[in-house]
Amino acid sequence: GAVVSQHPSWVICKSGTSVKIECRSLDFQATTMFWYRQFPKQSLMLMATSNEGSKATYEQGVEKDKFLINHASLTLSTLTVTSAHPEDSSFYICSAKDVGQYFGPGTRLTVT
Amino acid sequence: AQSVTQLDSHVSVSEGTPVLLRCNYSSSYSPSLFWYVQHPNKGLQLLLKYTSAATLVKGINGFEAEFKKSETSFHLTKPSAHMSDAAEYFCVVSDTNFGNEKLTFGTGTRLTIIP
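Chains A and B, in that order, give the protein sequences.
Per my numbering, residue 1 is the first one in the first sequence, and the count goes up by one each step.
Per my numbering, residue 1001 is the first one in the second sequence, and the count goes up by one each step.
To be clear, the hints were calculated from the coordinates, so they are not data collected in a lab.
Be aware that a few hints might be false.
In silico contact screen, one side only, chain B against chain A (beta carbon under 10 Å); selected entries [unchecked claim]: (1) Q1006; (2) F1034; (3) Y1036; (4) L1044; (5) L1046; (6) K1049; (7) F1090; (8) V1092; (9) S1094; (10) E1101; (11) T1104; (12) T1107; (13) R1110.
Below, computed lysine-lysine pairings styled on PhoX-like, alpha-carbon distance capped at 25 Å [claimed, not checked]: (14) K1058/B / K1042/B; (15) K1102/B / K1049/B; (16) K1042/B / K41/A; (17) K1102/B / K97/A; (18) K1102/B / K1069/B; (19) K1058/B / K97/A; (20) K14/A / K64/A; (21) K14/A / K41/A; (22) K1102/B / K64/A; (23) K1049/B / K97/A; (24) K41/A / K1049/B; (25) K1102/B / K55/A; (26) K97/A / K1042/B; (27) K66/A / K1102/B; (28) K41/A / K1102/B; (29) K1102/B / K20/A; (30) K1068/B / K1102/B; (31) K1068/B / K20/A.
Every residue, glycine too, gets a C-beta built ideally from N, C-alpha and C.
One chain only, chain A, in its complex shape:
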């Protein structure tokens, strides 16, 4: 139980375009999901907390207009990186809260 999926697992996009990453809780409902980013050989940094039916709460230093988060249902949260630039290239990981937090496998974004 408590499986979280992410789609896509990896994506390459051109600078200036937008890309959407999906996070799904497959066998439980999650009112709260979290988005993290991980740079190579570094730790995970929390970007935002996504609450179903309300606006996301962003951590300090994270641009909410650049990283759009939508949590429209109890099993799906999406992260859209708008006008992506090479410095946005990273590993994006979501987690969904059940009794604990369960992590998705991550999405590797490369912006060329």
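Based on the hints, put chain B in the right spot on chain A.
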């Protein structure tokens, strides 16, 4: 504010010998503490968690950790390393007061197993 410090960025041990990965935490409230493992190109897997029950916590794959409040430590140990243990390990803290469920990750410890 909460934080964790993983004292070693890289640990190497021989197969069959004990593993010790060190973690110190700082928390304003009663913390929950976790150890996660991340294998290359894989997602994070929870090894074990401490949530104010028994101070010695047993996890999966033979790992265990002991919560020591006086030392603000939560070190991860395993009696005998296996090649499959080679991975990145993260110590994580969460303040449990007021339902704060934000996880704060340490910088990670890369465990290498020598054959």
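Hint check:
1. Q1006: Holds - the Cβ of Q1006/B comes within 10 Å of chain A, reaching about 9 Å at its closest.
2. F1034: OK, holds: F1034/B within 10 Å of chain A, min 8 Å.
3. Y1036: Because about 8 Å separates Y1036/B from the closest Cβ in chain A, which is inside the 10 Å limit, the hint holds.
4. L1044: Interface hint status for L1044/B: holds (4 Å vs cutoff 10 Å).
5. L1046: 7 Å, holds
6. K1049: This interface hint holds because 7 Å falls under the 10 Å limit.
7. F1090: Check passed: Cβ of F1090/B comes within 7 Å of chain A, closer than 10 Å.
8. V1092: 9 Å, holds
9. S1094: OK, holds: S1094/B within 10 Å of chain A, min 8 Å.
10. E1101: 6 Å, holds
11. T1104: 8 Å, holds
12. T1107: 5 Å, holds
13. R1110: 8 Å, holds
14. K1058/B / K1042/B: Satisfied, since the Cα-Cα distance of roughly 23 Å is no more than 25 Å.
15. K1102/B / K1049/B: 15 Å, holds
16. K1042/B / K41/A: Given pair K1042/B, K41/A holds - Cα atoms ~14 Å apart, limit 25 Å.
17. K1102/B / K97/A: Given that 25 Å is the threshold and the Cα spacing comes to 11 Å, the pair holds.
18. K1102/B / K1069/B: Given that 25 Å is the threshold and the Cα spacing comes to 21 Å, the pair holds.
19. K1058/B / K97/A: 22 Å, holds
20. K14/A / K64/A: 21 Å, holds
21. K14/A / K41/A: At roughly 24 Å apart (the allowed maximum being 25 Å), K41/A and K14/A satisfy the hint.
22. K1102/B / K64/A: 18 Å, holds
23. K1049/B / K97/A: 15 Å, holds
24. K41/A / K1049/B: With a Cα-Cα distance of about 24 Å, the restraint between K41/A and K1049/B holds, given a limit of 25 Å.
25. K1102/B / K55/A: 17 Å, holds
26. K97/A / K1042/B: Roughly 19 Å between the alpha carbons, so the hint for K97/A and K1042/B holds.
27. K66/A / K1102/B: Roughly 22 Å separates the two Cα atoms, so the pair holds.
28. K41/A / K1102/B: Holds, at about 22 Å.
29. K1102/B / K20/A: 24 Å, holds
30. K1068/B / K1102/B: Holds: K1068/B and K1102/B sit about 22 Å apart, inside 25 Å.
31. K1068/B / K20/A: 43 Å, violated
Hint compliance for this structure: hint 31 alone is broken.
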